[in-house]
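**Q** Listed here are the chains, written in short residue letters.
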Amino acid sequence: MMKNAVVARRLCVTRGGNPVLRDLDFEVAAGSVTGLLGPSGCGKTTLMRAVIGTQRITGGTVEVLDERAAAPALRHRVGYVSQAPSVYDDLTVRENLRFFARVLGVPRERVDACVATVALGDHADRVVARLSGGQRSRVSLAVALLGEPDLLVLDEPTVGLDPVLRVELWSTFHRLAEAGAAVLVSSHVMDEAARCDRLLLMREGTLLADDAPAALLRRTGAPDVEHAFLSLVGAGA
Amino acid sequence: MSPRITAAVALRVLTQLRRDHRTAAMLLVLPTLLMSLLWWMFVDLPGAGFSALGPALLALVPFIVMFLVTSVTTLRERTSGTLERLLVMPMGKLDFLLGYLVAFGLVAALQSAVAVGTCVWLLDLRVVGSAWLLLLVAVVDAVLGTALGLLVSAFARTEFQAVQFMPAVVIPQILLCGLFVARDQLPRALEVVSDVLPLSYAVDAMQAVATSTDPVWGDVGVVAAYAVAAVALGALTLRRQTA
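As they're listed, the protein sequences go chains D and U. Here the numbering used here is used: position 103 in the first sequence is 103, and no number is missing along the way. Here the numbering used here is used: position 21 in the second sequence is 258, and no number is missing along the way.
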């Protein structure tokens, strides 16, 4: 049986009196890519932040790599990329990565390796502010890869990227998963679903489905994930 | 807490400043220009106007500048998501705060060295005590400014709000520090207020160095204690988790 990197039970988050996540049960398996799909505003980011421990939860439990989410021991083992790139605009790509490498205490060689992984080798000495939006989010991704995390949580990492690069990044995610990491990727683009080993379909703070893409299509009889999503919403209504 | 991470933060902040040539130049030159302006104002007047006000201004300027620079840069760190990212890494809250203090403390040392040097050697500021002590007090004041800036940035959501903390937090201290009305001649209530404001002690220390060889460690200690308290409170405002 595949080991679970994340196990959430009856996870609830309420913000300002409004339920954002309602009683979620899900797992993220090690060694695979799990896609978190759903429309904008359905709670994907909140779910991811609950997993990395920056979101205070109001009910249920989240266990990450056999620890309570937010446990200090996880700070070396979890990589997170937020939706907006969290890097320093006024530093170069390499300066950004060197700084985060020092914070993580990883060797300098990791910097060049991660720059290469996100295909920014030609831009390593450029100031981040001068890069395009897609390049900037790749810098942010490179930072998350520095510590070779056991769990990688990526919030819409492929938005605004050209299709070639998107395919490359997805194969990077799969490579990391094959090396044993658990990868949780969110997207609001349903056509990225087919690239995941497992899918969590989300709507309005609840999970509509937790299945492999093929099984999901078989169960709903839909030709693609977008239609599967619609049929699940219809079935629930 | 780890010295490696503290140093990494300090180095990064200094690299960012170095990249921003205009800010770096202004940090280095502006205080000296302001001191020169003060000197010029009094140049045709009898009496020791410049020597009477100069030391107080040498305390105020690094305090104000570092307060502003720090509150804006740390706010930027909060809003850009880099702070959240650092806090899910093995970064101690004190590493973050001390890194900023070290970086801006070094900048303040450089800035004040230029200003104090200009005042003492070019503008004939009369200093009875040691010019080194003048410099040291200026740096402690700058560290206080940085520490308060770190603290108030937690209460600002936008850069406009952060800048507004300058009139809210800094100007009352300037008014009550004894520069305009001697502190013992203030209405009793305001005198009590000025007794608990750290800038009063900073200005007292500067004036004591300028006019005497009396030890100023008591005043400097109070300023430093306020800086430590501000950093401790600042650490409380850094949250790894939000609701």
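What the hints contain is simulated information worked out from the structure, not anything from laboratory work. Because the structure is a prediction, the values reported are computed rather than measured. It is possible that some hints are incorrect.
[As the list claims (entries may be wrong)] If you want the ones that stay clear, here's a sample from chain D, every Cβ over 12 Å from chain U, calculated:
id, residue
1, D23
2, A29
3, P72
4, P85
5, D90
6, E204
7, A209
8, A212
[To be verified] With a straight-line cut-off of 20 Å between C-alpha atoms, the simulated SDA-like cross-links for lysine to any residue are:
id, chain 1, residue 1, chain 2, residue 2
9, U, K330, D, K3
10, D, K3, D, T46
11, U, K330, D, R166
12, U, K330, D, R77
13, U, K330, D, D66
14, U, K330, U, R315
15, U, K330, D, H76
16, U, K330, U, A247
17, U, K330, D, A73
18, D, K3, D, E27
19, U, K330, U, A480
20, U, K330, U, T479
21, U, K330, D, R75
22, U, K330, D, E27
23, D, K3, D, R56
24, D, K3, D, D66
25, U, K330, D, H227
26, U, K330, D, G105
27, D, K3, D, D197
28, U, K330, U, L267
From the three backbone atoms N, C-alpha and C, an ideal C-beta is built for every residue, glycine too.
**Q** Against each hint, give a clear statement of whether it holds in the structure.
**A** Now for the hints, and whether the structure bears them out:
no., hint, in the structure
1, D23, "19 Å, holds"
2, A29, "22 Å, holds"
3, P72, "8 Å, violated"
4, P85, "8 Å, violated"
5, D90, "5 Å, violated"
6, E204, "20 Å, holds"
7, A209, "29 Å, holds"
8, A212, "29 Å, holds"
9, K330(U) <-> K3(D), "33 Å, violated"
10, K3(D) <-> T46(D), "24 Å, violated"
11, K330(U) <-> R166(D), "36 Å, violated"
12, K330(U) <-> R77(D), "19 Å, holds"
13, K330(U) <-> D66(D), "25 Å, violated"
14, K330(U) <-> R315(U), "13 Å, holds"
15, K330(U) <-> H76(D), "16 Å, holds"
16, K330(U) <-> A247(U), "14 Å, holds"
17, K330(U) <-> A73(D), "16 Å, holds"
18, K3(D) <-> E27(D), "10 Å, holds"
19, K330(U) <-> A480(U), "19 Å, holds"
20, K330(U) <-> T479(U), "15 Å, holds"
21, K330(U) <-> R75(D), "13 Å, holds"
22, K330(U) <-> E27(D), "31 Å, violated"
23, K3(D) <-> R56(D), "25 Å, violated"
24, K3(D) <-> D66(D), "10 Å, holds"
25, K330(U) <-> H227(D), "47 Å, violated"
26, K330(U) <-> G105(D), "16 Å, holds"
27, K3(D) <-> D197(D), "14 Å, holds"
28, K330(U) <-> L267(U), "32 Å, violated"
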